[in-house]
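Colleague: Protein sequence lines correspond, in order, to chains A and B.
Residues in the first sequence are numbered consecutively from 1, following our numbering.
Residues in the second sequence are numbered consecutively from 752, following our numbering.
Possibly wrong hints are sitting among the right ones.
Mimicking BS3-like on lysine-lysine, the simulated pairs with C-alpha atoms at most 27 angstroms apart in a straight line are [claimed, not checked]:
(1) A/K240 / B/K957
(2) B/K1051 / B/K1103
(3) A/K249 / B/K1103
(4) B/K1104 / A/K3
(5) A/K530 / A/K455
(6) A/K581 / A/K474
(7) A/K583 / A/K680
(8) B/K1107 / A/K431
(9) B/K756 / A/K431
(10) A/K149 / B/K1111
(11) A/K611 / A/K530
(12) A/K436 / B/K756
(13) A/K441 / B/K756
(14) B/K1104 / A/K431
(15) A/K3 / B/K1103
(16) A/K240 / B/K1107
Read the hints as simulated data drawn from the structure, not as lab findings.
Here is what each chain is made of, one letter per residue.
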Amino acid sequence: MRKVWDLIGGVHPPENKHQSVQESIGTLPLPEKLVIPLNQHIGAPPKLLVSAGDIVLKGQPLAEPKGMVSVGVHAPTSGQISEISDYPIPHPSGMSARCVTLIPDGKDEWIEHKGTDNFRDKTPEELLDIIRSSGISGLGGAGFASAVKLSTRQPISTLIINATECEPYITADDMLMQERPEAIVEGIKILSYILGEPDEILIGIEDNKPQAYEILESYLEGTNIELVEFSTRYPSGGEKQLIQILTGKEVPNGGLPADIGIVCQNVGTTHAIQRAIVHGEPLFSRVTTVTGKACSTNRNYQTLIGTPISHLLEYNGFDQSQCSRLVMGGPMMGLTLENPEIPVIKTTNCILAPTEDELPTPPPAQPCIRCGMCAEACPASLLPQQLFWYAQSQNYERLEAHNLFDCIECGACSYVCPSNIPLVQYYRASKGEIRKLAAEKVNADRARQRFEFQKARKEKEEAAKAAKREARKKAAEQARAKAANTRTSTEVSPAATGATAKSSAADDIIKAAMARAEAKKASPEEQRAKLERGVVRAESHLETVEQRLQDLDSEATDKQREQAQAAIEDARLRLEDAQSKLKAAPEPKPDKAKEVMAKVQASPKEALEKKIATLKDRINVTEEKIAEAEDDALKAALQKGLEKQQEKLRDAEQQLTEAPAESTTAISETEDAAATAIAKAQAKAAAQASMSDEEKLRANVTSLQTRLKKAQERLIVAEEEGSNHIDALRTGVEKLQAKLNSAETELSELS
Amino acid sequence: MALLKLTSPHAHTAQSTADVMKLVLLATIPGLVALTVFFGWGTIINVFIAAAVALICEASVMGLRKRPVMFYLKDNSALVTAVLLGLALPPLAPWWIPVVGTFFAIVIAKHLYGGLGYNPFNPAMVGYVVLLISFPVQMTAWPAPAPLYPAEIDVPGLWQSLQIVLPFFNEALTGTVSGSIDAYTAATPLDTFKHNTGLLVEQLYKKDPLFNQGSWAGIGWEWANFAFLAGGCFLLYRRVFTWHAPVAMLVSLTLCAALFYDGGSSSSHGSPLLHLLSGGTMLGAFFIVTDPVTSATSNKGRLIYGALIGILIFIIRSWGSYPDAVAFAVLLMNFAAPLIDNYTLPRTYGHKKSRKATEKKDEGP
Chain A
1 MRKVWDLIGG VHPPENKHQS VQESIGTLPL PEKLVIPLNQ HIGAPPKLLV SAGDIVLKGQ
61 PLAEPKGMVS VGVHAPTSGQ ISEISDYPIP HPSGMSARCV TLIPDGKDEW IEHKGTDNFR
121 DKTPEELLDI IRSSGISGLG GAGFASAVKL STRQPISTLI INATECEPYI TADDMLMQER
181 PEAIVEGIKI LSYILGEPDE ILIGIEDNKP QAYEILESYL EGTNIELVEF STRYPSGGEK
241 QLIQILTGKE VPNGGLPADI GIVCQNVGTT HAIQRAIVHG EPLFSRVTTV TGKACSTNRN
301 YQTLIGTPIS HLLEYNGFDQ SQCSRLVMGG PMMGLTLENP EIPVIKTTNC ILAPTEDELP
361 TPPPAQPCIR CGMCAEACPA SLLPQQLFWY AQSQNYERLE AHNLFDCIEC GACSYVCPSN
421 IPLVQYYRAS KGEIRKLAAE KVNADRARQR FEFQKARKEK EEAAKAAKRE ARKKAAEQAR
481 AKAANTRTST EVSPAATGAT AKSSAADDII KAAMARAEAK KASPEEQRAK LERGVVRAES
541 HLETVEQRLQ DLDSEATDKQ REQAQAAIED ARLRLEDAQS KLKAAPEPKP DKAKEVMAKV
601 QASPKEALEK KIATLKDRIN VTEEKIAEAE DDALKAALQK GLEKQQEKLR DAEQQLTEAP
661 AESTTAISET EDAAATAIAK AQAKAAAQAS MSDEEKLRAN VTSLQTRLKK AQERLIVAEE
721 EGSNHIDALR TGVEKLQAKL NSAETELSEL S
Chain B
752 MALLKLTSPH AHTAQSTADV MKLVLLATIP GLVALTVFFG WGTIINVFIA AAVALICEAS
812 VMGLRKRPVM FYLKDNSALV TAVLLGLALP PLAPWWIPVV GTFFAIVIAK HLYGGLGYNP
872 FNPAMVGYVV LLISFPVQMT AWPAPAPLYP AEIDVPGLWQ SLQIVLPFFN EALTGTVSGS
932 IDAYTAATPL DTFKHNTGLL VEQLYKKDPL FNQGSWAGIG WEWANFAFLA GGCFLLYRRV
992 FTWHAPVAML VSLTLCAALF YDGGSSSSHG SPLLHLLSGG TMLGAFFIVT DPVTSATSNK
1052 GRLIYGALIG ILIFIIRSWG SYPDAVAFAV LLMNFAAPLI DNYTLPRTYG HKKSRKATEK
1112 KDEGP
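So that you can see chain A by itself, here it is in the shape it has in the complex (with noise of 0.2 angstroms):
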């Protein structure tokens, strides 16, 4: 006998199995109609195949899976499509989702499909293309998608074939083991093939069910298989628990059961994916038991995906007045349904119809005494009491320190309490809110995030502005002083012969300062042609910003006003300091004209190659991440990632190879732009250079004019329509006026 380890905690609720195992599994005849819902797995939710009208065969595709964690489905029986609509799908809150309706026609004619004879023969990732488009999920629980849990990457020692159903009432494993062993053992054989024959292979059995026990133990001769037995005490059939009491090993916080080397399938799950790779089937029907007193049958069906609930209650002599709740799962994780018309899914592993004398109302509850059953019952061993207390008190980080998101909502604590208190519910509730505010406070993160990056960014570009003024002020200090200083130096000569060592070595110190002024005098054309892009964008930005102002409506605060004011003021000031500085500016020499399209020339080229580096760059961590993810998802989604990233990067490539046939053409249409722009700017800057001082006063005056007359007459309008920056706009021109006072008097002193 192999050593099996304690369930923590736990509780043992009467077990109610003994009345749907009388008789063998049954079929039913067809419903009328079979609402299919798209999404039943965890994950996201398949691609739509079919739409209404359409004729489908049995075994169909109805919708295929999109992205990794993705499952499709498959019609049940051949017949119609009739709509495909939002219809009430099983589910805690009783939200509606995309269904897929079919009106079978009764021939149930099955679309052309091909098993597998000996499964040996294709590749593990082949078989798992085969249960990916399968439509195959956990059959047992939360309904994870098959193909994504056996394609782990982590070398797997053990296999686990969950077939402990510790849930009372339930009976559909013990039923199929019972009645289907031998394709059971074959899909424990596919699973160990797939997973790359682990050391060990273990099936997990309560001791509750001897004959599933004895039927499935005489086709496990001359296998590597063990059935393990352990006494029947719920949740052991939770997948963290059964590994705890199949191996001792916990899985670690934030983990998977691979992570530990360990993948667990449910026993109904690994019948599925046999029935898919040895005989091509689809998943489309799962064993369902009907149970409870208020059936006058209980009894366990192969019952086909989107059958509704009440077409099972109907053939099983269903009493609703007798009825307390109806029941989808068993009395511990079950959750109620508020509408009989609702489907049966691929994790609808039971159908409970309790009296009021099986499953009472609950009385409400009574003040918590913190006796300590629940943490003695709690497989988790979490304090549940502490976590009530918490989660009334709505103290996120005192649940989040008592682990609350370790709780696997087994409802054991719930079970036992001696005050009827649904702790369940409260903690179900927590989780909600914790996950809302961390999903609200990641948003408020990132928003400060950008908002940080950006203050960061601008006090950079300002700094660097300074920085660079502050060196243009230096060199022409250091010019003026060097003029000085040869005038000086040639008038003493004669006289200071013992001081020539001395001024040369300051010689040499002017000589570096007029290098480096006149490197960057370089290019006289790009600083012109900068300062007037300078001029161009400051000149637009002030109009930008005073029809800002005019547009404030009459809501605008005074503050907002303010605002914009300063930013008139600040525009206004820009302008004046672009246009000086474009004055100032050199008059550029012809001959380097050539260099800037040389410059304009190679961008193309260097941007290309600049942007293939950067995507080099972008792979390289992309990959490395990829490396370190643990998750499959995860994984799945940078793979997706990279993959976009190496077509950028071909791309790019592709245009860097092509480039050079292309620029010829675009470098003479550049070469022209540039040259025109060029000639305007000469042109500009040579009109300039030639105005004395006092044409350059008088066209200053005439550009004030304008201004101000543009100025008032924004003012008129603003008068008329009663706007609210009258005040703002009348300051503009008074200082306009003013500036223009001065201006026409420093020309008639002049002149």
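We have chain A already, so just place chain B on it with the hints.
Modeller: Just chain B now, kept in the frame of chain A:
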């Protein structure tokens, strides 16, 4: 068709809080019987007065708080408090002793703090300590065990006991002043040890009838403690509480007593057996220390909580001014329970080590 919407789990054990309380009440019966056998009807009278006052107080508070009165009365929690206080009080104490104590326990210690489940201090022990500090004369007057009564005095029967407890009633009825309790009182084993100055433990055990007629810890007292131990074992068997707190308390008390026994000299504080089987040790260990509302939460925490109570009991008994110390020790540790809880969270499945309750968030959901 409309169907009931409920969240899982749907199944539920039949046991209710009222049942748990009933089990506790049931488990006190052996102790009550033993006390009655050895110390007369006084304890039963105490229990009845306390129970009546408790129910009245509970009902009035619930009425004032506009809660369904019957729903809360039915949880039996007030009865448990009353019975435990009644058992702890000296038999034949005047009627107003249980009345004042129970009022304090229910109204002040329980309901002013939010009612059942919210009280930080054990209500019965609060009531007891208030009485002990306010009325030390009445609270230290224990009747002698029945077998030690002088030949000329009869053990008071039920009628006589009632006359002693309810003197005004007696006067109104018969016009005579009822007998004083003083005629019946005697020192308790712990008193005897506290005031023993000249005798070796062995001599004391031989000389004092309290010990020489008993076996380990004084006649009567040892049997009352055995009875409470039996009741406690029943509750353990029925899984009403875990073994951690009571066992830790008894073990630490035993160890302390063994450490300071000093071979039975005249300054000895008594043998481990004396400490285990006299005073309120067993009542405290199984009915007071195990009160889930006011004790530490986790099993590890309960071990620490129980052990510290045991140590405090020994310290106060040996060097404090009161002969017994269960109530003080329990109340002091009630203060410390939240602190113990903070450092004794169990290790959750899949986690490498346990966390602190006040730990700040460092990993997201």
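Colleague: For every hint, state whether the structure bears it out.
Modeller: Hints, one by one, checked against the model:
1. For the hint pairing A/K240 with B/K957, the CA-to-CA distance comes to about 63 angstroms; that exceeds 27 angstroms, so the pair is violated.
2. The straight-line distance between the Cα atoms of B/K1051 and B/K1103 is roughly 17 angstroms, inside the 27 angstroms bound, and the hint therefore holds.
3. With a C-alpha separation of about 12 angstroms, the suggested pair A/K249 and B/K1103 falls inside the 27 angstroms cut-off, and the hint holds.
4. Taking the CA atoms of B/K1104 and A/K3, the gap is near 25 angstroms; set against the 27 angstroms cutoff, the hint holds.
5. The hinted pair formed by A/K530 and A/K455 meets the criterion: a straight-line CA distance of about 25 angstroms does not exceed 27 angstroms.
6. Distance hint between A/K581 and A/K474 is fulfilled; the C-alpha atoms sit about 16 angstroms from each other, no more than 27 angstroms.
7. Distance check on the hinted pair: A/K583 and A/K680 sit about 15 angstroms apart at the alpha-carbon level, within 27 angstroms; holds.
8. Restraint check for B/K1107 and A/K431: satisfied, since their Cα atoms lie roughly 20 angstroms apart, inside the 27 angstroms limit.
9. For the hint linking B/K756 to A/K431, the alpha-carbon distance of about 20 angstroms falls within 27 angstroms, and the restraint holds.
10. The hinted pair formed by A/K149 and B/K1111 fails the criterion: a straight-line CA distance of about 33 angstroms is larger than 27 angstroms.
11. With a C-alpha separation of about 24 angstroms, the suggested pairing of A/K611 with A/K530 holds against the 27 angstroms cut-off.
12. Between A/K436 and B/K756 the alpha-carbon distance is near 24 angstroms, which keeps this suggested pair within the 27 angstroms criterion.
13. Between A/K441 and B/K756 the CA atoms are separated by roughly 33 angstroms; this puts the pair beyond 27 angstroms, and the hint is violated.
14. This hinted pair checks out: B/K1104 and A/K431 have alpha carbons roughly 22 angstroms apart, not beyond 27 angstroms.
15. Note on A/K3 and B/K1103: the hinted pairing holds, with a Cα-Cα distance of about 23 angstroms set against a maximum of 27 angstroms.
16. Under the criterion of a C-alpha separation no larger than 27 angstroms, the hint pairing A/K240 with B/K1107 is consistent with the structure, at around 24 angstroms.
Of the numbered hints listed earlier, those contradicted by the structure are 1, 10 and 13.
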